[in-house]
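Peer 1: The listed protein sequences derive, respectively, from chains A and B. With this note's numbering as the guide, the letters of the first sequence map in order to residues 1 to 345. With this note's numbering as the guide, the letters of the second sequence map in order to residues 1 to 541.
A few of these clues could be false.
Derived list of chain B stretches under chain A, where covered just means 3 residues or more per stretch with a C-beta under 8 Å from a C-beta of chain A [claimed, not checked]: (1) 219-233; (2) 325-331; (3) 440-454.
Honestly, the hints are just simulated from the structure, not real lab data. Virtual Cβ for every residue (Gly too), placed ideally from N, Cα, C.
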Amino acid sequence: MTETCSFTIDGQEVTAASGTSVLNAASASGIYIPHLCNHPDLKPTGSCRLCFVSIDGGKPRMACREPVKDGISVATSNAVIQRMRVQVMELLIADHYMDCLACAAAHDCELLKISAYLGMRPNQLTRLGKTERNLPVDGSNPFFQFDPNKCVLCGICVRTCDEIVGLRAIGYIHWGDKTVIGAAGNRPFAESICESCGECVERCPVGALAPKTPAIPAREVQSTCVYCGVGCGIHVGVRGDTVVSVSGDRDRETNSGSLCVKGRFGFRFINHPDRLTRPLVRKNGELKESNWDVALDLIAEKFRKSKGRFAALASAKCTNEENYLIQKFVRVAMRTNNIDHCARL
Amino acid sequence: MTGLVASLGSGAMTNSIADIDVARTIMVIGANTTSAHPVIGHRMRRAARNGATLIVINPKEIDLTHAASHFLQPRPGTDVALLMGMARYIIETGLADESFIAARTEGFAEFVASLQAYTPEFVVETTGLPWSRITEIARIYATNKPSSIFYAMGITQHSHGTDSVKAVANLALVTGSLGAPGTGVNPLRGQNNVQGACDMGCLPNVYPGSQRVDDPTIQKKFESAWNAQLPNQPGLTHTEIFDAICDGGIDTLYMVGENPLLTEANSGHVRAALERLDFFVVQDIFLSESATYADVVLPAASFAEKDGTFTNTERRVQRVRRAINPVGDSRPDWWIVSRIAERMDAPGFSYSSPEAIMREINQVTPSYGGITYERIENNGLQWPCPDTNYPGTPYLFPEKFSRPGGKACFSPLTYRPPAETADGQYPLILTTDRSLFHFHSSTMTRRVAGLSALDANEWLCLHPADAERYGIADGDWVEVSSRRGTVKVQARLTDVCQPGLCSMTFHFHESPTNLITNPALDPVAKIPETKVTAVSVRPLL
Ligand code: SF4
Ligand code: SF4
Chain A
1 MTETCSFTID GQEVTAASGT SVLNAASASG IYIPHLCNHP DLKPTGSCRL
51 CFVSIDGGKP RMACREPVKD GISVATSNAV IQRMRVQVME LLIADHYMDC
101 LACAAAHDCE LLKISAYLGM RPNQLTRLGK TERNLPVDGS NPFFQFDPNK
151 CVLCGICVRT CDEIVGLRAI GYIHWGDKTV IGAAGNRPFA ESICESCGEC
201 VERCPVGALA PKTPAIPARE VQSTCVYCGV GCGIHVGVRG DTVVSVSGDR
251 DRETNSGSLC VKGRFGFRFI NHPDRLTRPL VRKNGELKES NWDVALDLIA
301 EKFRKSKGRF AALASAKCTN EENYLIQKFV RVAMRTNNID HCARL
Chain B
1 MTGLVASLGS GAMTNSIADI DVARTIMVIG ANTTSAHPVI GHRMRRAARN
51 GATLIVINPK EIDLTHAASH FLQPRPGTDV ALLMGMARYI IETGLADESF
101 IAARTEGFAE FVASLQAYTP EFVVETTGLP WSRITEIARI YATNKPSSIF
151 YAMGITQHSH GTDSVKAVAN LALVTGSLGA PGTGVNPLRG QNNVQGACDM
201 GCLPNVYPGS QRVDDPTIQK KFESAWNAQL PNQPGLTHTE IFDAICDGGI
251 DTLYMVGENP LLTEANSGHV RAALERLDFF VVQDIFLSES ATYADVVLPA
301 ASFAEKDGTF TNTERRVQRV RRAINPVGDS RPDWWIVSRI AERMDAPGFS
351 YSSPEAIMRE INQVTPSYGG ITYERIENNG LQWPCPDTNY PGTPYLFPEK
401 FSRPGGKACF SPLTYRPPAE TADGQYPLIL TTDRSLFHFH SSTMTRRVAG
451 LSALDANEWL CLHPADAERY GIADGDWVEV SSRRGTVKVQ ARLTDVCQPG
501 LCSMTFHFHE SPTNLITNPA LDPVAKIPET KVTAVSVRPL L
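Modelling step: build the complete structure from the supplied sequences, incorporating the hints.
Peer 2: As structure tokens, then:
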């Protein structure tokens, strides 16, 4: 059993497993503390210097590095902390690209959220008077792009590729204020060992790593990936009758939200114009569009006459319910056990 | 699968994906997890990063080897020799788990006798590996516990695949690495619902839940459940069906969601069979290469357009939900099958929904007895799950195995070389692999522009030394020929395979690899040996 600690954040009673950071405990209880570089899936680094809190009235400490303790009382802000955060923000956004309305991350950008939380004013946004960075965007990956001008160097992508994907395809390149994130050897993503899984894109708190065709779905449906035998839990994002996104289901034990390139980005076949949409029946040597009644009547008639010379192949792509019905059909209606499926492993 | 049933009593993954985090030794043999099971691959790399010892055994230097602390590259098709050699070393050095062997297994004496053939000299000679590397991993596997083994098609797609699987099971039994978290013998299932297709009885010898068709009591049970008379003879397997079509014994084929022209070994034979059929019905979401031979093609709904369940490689039954309406006039497969059955006046096919079908599955399939839609709303359940109070089974065999008597069985094994070996006419061995960016016959992935961009065409991975011998440069078009046919493909010079070995995937219809692969069947499991084909390679001018 993990032990739990009880304490307060801004006067609210909170309990969390011991070992949890104050920041993650706050997030889990729906209490916001500004932060950029923290992610609940990753080890904390404390590099963004935004998540300051005061514990038992003491000096500001970083909530991502403070483990919860029984009986402590945490304040998420005070005048000193507010000032420190504004200073950090001024530095962060001094040369940040500001085309926010056209940014793929606008709907859930952590930087916008912090700015709004701190009540940043226009003069604070430009006070340091740096010019916007103008570095080339890496669009080499077909599914996502990396815009270094929007990058806040939180390192979440680097740690994701290392700690979650176990690959280390990306890292910090150069030093000091020239630091950028990039694929090893500063090559384009597509020429690196990157596997295009999109785990880093999923976690980027701003719009630096973003899908090339972002589409916020109108609704999401919980389902299971159709590709390989891992069976990752997914949320299928839909607009109208079109699938526009797939994201990992964090609550599924199978994959805890992780996906690979096929599962995350390989959904465009669903609404592809090549999909078969009408039954086809061969006439004079050619497959011609027909309708269900004609096709099903023909099949029933032919199958009836083929008893004893019939076989069926079911599919590892169909559902259990469908495979159950296929074998039941073969055994009950065709009176044969000539039923198998594709992969015999 | 057949091999595991013989050894342990069940053919599925014994443990769970999450066990990768618990195992201290993870041995991956004949599986390219970062390509074929990527999220499991991530988890293995992560485990290695967090201190587990990752051992990769593969004739090809796959990506996972970069995360591994130990990588062994045996000659393809020599796994039985390697695994038996390891078992022998473990027993001789006193590292075997004697109490486990005594309490939970049978056939040990015969097994030990059969090990006499696997002398270090023989194992080294056969596998091409130094003895010290073999003993090193044997020692780690036997002592750095819990130890788990994962394998895939690299073990099974051989003319002696059943023996290889038994050899894996033997090794786990010798060290007692079964029946506990982080242990196990774990076959990784390729397609999303192969496990489910097996569980649901889409096999010629069993009903749902591995209940044998030739057992009269079982047959009676299903006759009364389905209100019909049932055949008691096991049917034909996949490969046998195509043989029977060529011999004229079968003239009507109903094929759902398959593309054997790309996925079957020696696909020239498949083509001949499809041409010969009197009546051929294909049900699929795209007009596949195979579907162009059909008399009727029925448009099926995709997974995003229907409700149901898939069973993943760790036996977890999970929900699939309808997110959009079926495109055009397509229909879910369950609807289509039911309508055909009704038109043939077959009883018992008027289901209102997939959930109603699952309720019937619960009744007739003991391992799925307690798996209801209500219970798998969010997380799925791992079978066996006999009733609705049962929490599911993360790992099999904690106390007894599923064989009669409850004991696992050692298998004495005689080494048999692959059916084809390199010779003067076909001097190279071709093995097949998979790409991260494509799936199976790639009917879905090649319709995703980005995936095609990341991996646009087939490549023959060829060692530079072999390339030099045949005058082939990187990117050259070459002809790869076997005893069965010829394919054209571009060569990529790489040392991921050792000299003498080359590899291709089978995702691209322009270079249909399975035209030339070897259909030599494993005598028991009837899986063809697509992993070892003798070929010749020559540049196209
Ligand atoms: S897409 Fe995946 S593999 Fe590529 S850099 Fe991001 S996390 Fe790493
Ligand atoms: S997301 Fe990738 S690893 Fe997960 S089930 Fe789909 S194909 Fe397999």
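Peer 1: Against this structure, judge whether each hint is valid.
Peer 2: Hint check:
Using a Cβ-Cβ cut-off of 8 Å, 7 residues of the stretch 219-233 of chain B lie near chain A, which meets the minimum of three, so the contact claim holds. Check result for the stretch 325-331 of chain B against chain A: holds, 6 residues qualifying (beta carbon to beta carbon below 8 Å, three or more required). Only residues whose beta carbon comes within less than 8 Å of a beta carbon in chain A count, and the stretch 440-454 of chain B has 10; three or more means the coverage holds.
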